[in-house]
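2 protein chains.
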Amino acid sequence: MLVTIEMKVTKTPNPECPIGRAHENVGEWWSILILRDAFQGMTRFDEFRQSLGIAPSILTRRLAHLTACGMFDRRSYSKKPPRDEYVLTAKGRDFFPVIASLFAWGNRHLAPEGAALFLVQRETRKKLHPVVVDARSLEPILLETTGVVAGPAASPAMQRRLAQLQANAAQKH
Amino acid sequence: MLVTIEMKVTKTPNPECPIGRAHENVGEWWSILILRDAFQGMTRFDEFRQSLGIAPSILTRRLAHLTACGMFDRRSYSKKPPRDEYVLTAKGRDFFPVIASLFAWGNRHLAPEGAALFLVQRETRKKLHPVVVDARSLEPILLETTGVVAGPAASPAMQRRLAQLQANAAQKH
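Top to bottom, those sequences are chains F and L.
Residues in the first sequence are numbered from 1 upward in steps of one, following this note's numbering.
Residues in the second sequence are numbered from 1 upward in steps of one, following this note's numbering.
Source of the hints: derived by calculation from the structure; they are not laboratory data.
For clarity, every value in this text was computed on a predicted model and none was experimentally measured.
Check before you lean on any hint, since a few could be wrong.
It does not matter which identical chain is meant; a pair holds if it fits inside one copy or across any two.
The list that follows gives simulated cross-link-like pairs (lysine-lysine, DSS-like), each with its CA atoms no further than 27 Å apart [said to hold, decoys possible]:
(1) K80 to K127
(2) K80 to K91
(3) K126 to K80
(4) K91 to K127
(5) K79 to K172
(6) K79 to K126
Take the sequences, apply the hints, and build the full model.
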């Protein structure tokens, strides 16, 4: 297992890339595990702490970061004693499909002894097999058939990066 | 941006969970960014280093870890001078849909000024909109309608965890 320590450095690699930005929001794996637990219904500090065996100071910092990033709303659930809970926002709930696709990859490649957990449709209890498809064509999104192009907000630096990637690929093949 | 330092600790939280296991394989965000770059065709140490602005010692460790986990094959591409490259394995390539779903989430929630990058179908250049669906029904997999159940490899501890989650949820609602 990894324990991570945050340090500020001056440069964010490739800040326009949506993966790079996601890294700034949930870019520490405790965040992923906290979100996983939130998706299973946990909202309270002690629930997360017990589930993750995480140091309280790290959990406090991660919950504050996820709240500041707009993944959680912090709400009071008890006045005496004063207690808050962390409730997923729309942005936080929208992260669920990412976790579902990670779940599928984990079950496929990391469970040689068989799956310990399955995702199911809640009402029917039918097993779900998450795949990532294009919303319109419903065709699977695979590395072999997918490329990246600049969008309207791409800077000249991003345009150069994409051109460089194409040049490098052409040179190798 | 986060820089992470690895430390060994004794307890892996919830080791049977496929997300917890994924955490052990790619559980450090440099790994995600390295995979992102590999999916764009990078294979060489200097390509990753230039793209990420990452310290060589960290990059060396991350590439070694991803190779040990079976995400990359290390292959020689030059005898004089001796140079290796890192080529994605099937397991590594299968991680692409996870990145695609993360990409979609990033574009949706973290690009208020508009997208700098789009995923496209490589041949037609049509924009792709990644969504996570069930492979059989093609219905979107959403938090509201998804649950988790024990699989054949679930330990008694995992069974207890799931029962506890249900009890907690019932108590809150």
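Each hint tested on the structure:
no., hint, in the structure
1, K80 to K127, "neither (42 Å within a copy, 53 Å between copies)"
2, K80 to K91, "neither (30 Å within a copy, 51 Å between copies)"
3, K126 to K80, "neither (42 Å within a copy, 56 Å between copies)"
4, K91 to K127, "both (26 Å within a copy, 22 Å between copies)"
5, K79 to K172, "between (64 Å within a copy, 16 Å between copies)"
6, K79 to K126, "neither (41 Å within a copy, 54 Å between copies)"
When held up to the earlier numbered hints, the structure conflicts with 1, 2, 3, 6 and fits the remainder.
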